[in-house]
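Construct all of the structure, not just a fragment, from the sequences and the given hints.
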Amino acid sequence: MTQTVGGAVDALREAMSGAVLVAGDADYDEARTVWNAAIDCRPAVVALCSNAADVSAAVRFGVENGLEIAVRGGAHGVSGKAVDPDTRRVRVGGGALLADMIAATQEHGLATPVGLIGHTGVGGLTLGGGMGWLTRKHGLSIDNLVSVEVVTADGKVCRASQAENSDLFWALRGGGGNFGVVTEFEFALHPVGPIVQVALLFWDLDRGGDVLRLARELGRSLPEEINVVVAGLNAPPAPFVPPEHHLKQGYGIFVVGFGTPQEHEEVVKQIREALPPLWDFVAPMPYLALNQMLDEDNRWGQYDYEKGGQIAEITDEVIEAVTRHFPHKQSPGTVVLFYRVDGAYSSVGDDETAFGGDRSPGWYVFNVAVCPTAEMLPAEREWVRGLYSALAPHMVTRTYVNILEEDHSDVAAAYGAEKYKRLARIKGVYDPNNVFRRNANIKPEVQRSA
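Just so you know, numbering that gives the first Met the number 0 puts the end of the sequence shown at 449, numbered straight through with nothing missing.
Careful: at least some of the hints might be erroneous.
Calculated cross-link-like contacts (lysine-lysine; reagent style DSSO-like; alpha-carbon spacing at most 27 Å) [stated by the list, open to error]:
#1 Lys-136 <-> Lys-418
#2 Lys-418 <-> Lys-155
#3 Lys-268 <-> Lys-247
#4 Lys-155 <-> Lys-442
#5 Lys-268 <-> Lys-136
#6 Lys-155 <-> Lys-420
#7 Lys-442 <-> Lys-420
#8 Lys-442 <-> Lys-418
Computed spacing ranges between beta-carbons, pair by pair [unchecked claim]:
#9 His-245 <-> Ala-288: 54 to 64 Å
#10 Glu-216 <-> Ile-194: 22 to 32 Å
#11 Glu-264 <-> Pro-84: 26 to 36 Å
#12 His-244 <-> Glu-29: 33 to 43 Å
#13 Ala-391 <-> Gln-269: 23 to 33 Å
#14 Ala-14 <-> Arg-424: 25 to 35 Å
#15 Asp-83 <-> Ser-16: 24 to 34 Å
#16 Glu-29 <-> Glu-316: 39 to 49 Å
#17 Asp-26 <-> Arg-298: 35 to 45 Å
#18 Gln-446 <-> Gln-329: 48 to 58 Å
#19 Ile-194 <-> Asp-28: 36 to 46 Å
#20 Ala-14 <-> Glu-243: 58 to 68 Å
Treat the hints as calculated values from the structure; they're not laboratory data. Note that CB positions come from ideal geometry on N, CA and C, so glycine has one too.
Written as structure tokens, this is what we have:
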């Protein structure tokens with residue numbers, strides 16, 4: 000919540016069971032801090048909501064006092080009691096972190112598709128789509144969403160699913176934070192792990208074209224149980240990397256196997272024989288550890304900027320653009336990532352959810368600047384934009400809602416004209432005054448009575 004308030008804060012404190020903080024309170028600075036250090040907002044009020052009633056009170060307070068409302072996840076946990084292994088369902092609080100949910104579901108050898116970073120919030124990831132290691136096999140996070148509890152702009156608490164408030168449920172699956180504050184998510188679960196097969200193969204910078212051409216061929220014939228993420232990156236200073244190659248800039252292929260070790264081994268062997276790597280790491284790993292493998296590289300307090308979109312194929316033109324731009328990045332943490340999407344991802348119809356991407360098989364490309372200091376960010380931001388501009392003519396979808404800038408002027412393009420119109424009409428029903436606008440904002444289309 001932004002702007003200024005007076006004594007009205009006391010009324011909010013009385014209405015909530017969670018803490019209410021303002022500037023000068025001991026925990027205010029910690030509470031206002033977000034993952035990306037480049038975002039330094041100072042809200043008039045921070046409401047630490049512990050349940051749906053608290054969220055309702057905070058939303059009503061913000062509306063009544065003319066305050067802008069921004070939603071931050073990461074405040075709720077999840078316990079094993081939220082998992083029902085018989086029905087293969089999990090319920091998590093709206094602020095749960097991915098690692099919390101994975102740890103609970105892995106006690107039963109189950110999981111639902113989520114992102115690659117364990118300290119990501121479940122809420123923000125899911126509402127925009129949610130892609131990661133399991134996307135090829137089980138789809139996006141939203142494809143596995145069964146129901147939600149949500150607080151709408153009028154402060155009401157309701158449930159949404161295919162059978163209840165189905166229009167709202169459709170919009171929440173891809174529409175971002177435009178339609179309310181989700182206080183509980185219910186996901187379908189699938190047998191996964193607890194041990195999966197993991198490999199990272201790494202090549203010198205001058206082999207980038209060869210690596211990307213190899214990835215193109217791999218993408219056309221991957222078994223269902225295997226997923227790959229292709230990356231331009233600096234080798235991490237990790238124990239499994241030879242010391243002489245720590246922070247070396249180059250290209251890597253992550254190969255994750257959810258089937259038999261033999262199936263994973265065959266794909267790794269295929270890669271090694273086609274293009275012998277500078278070094279590689281192959282090992283079984285707990286699924287939870289896989290989803291925390293990149294946490295330190297993406298730790299809190301760094302300065303980040305990201306753009307990306309979807310391509311149908313890693314064409315020669317895409318390869319030329321990446322290999323021309325990638326050597327000129329400055330920060331060791333900055334990466335280019337290619338996520339393979341097909342299989343279960345492509346089995347869902349374009350109109351079944353509000354997701355803005357094309358469901359055809361292809362690759363999502365993310366150009367991610369990660370800088371240790373604020374001084375490095377401006378140049379790295381321009382690098383991201385330069386590579387994005389070179390790739391944009393080859394994209395079938397030119398963005399992904401979860402990385403869309405808040406002030407982006409063409410949110411409609413992220414969804415396409417017809418889907419955006421449908422979202423705007425639903426926004427007009429549930430948030431006609433655009434209370435939830437601190438996001439990739441969908442402007443409400445309000446139906447006027449005759």
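Unmet hints by their number, sorted upward, for this structure: Per hint list: 9, 17 violated.
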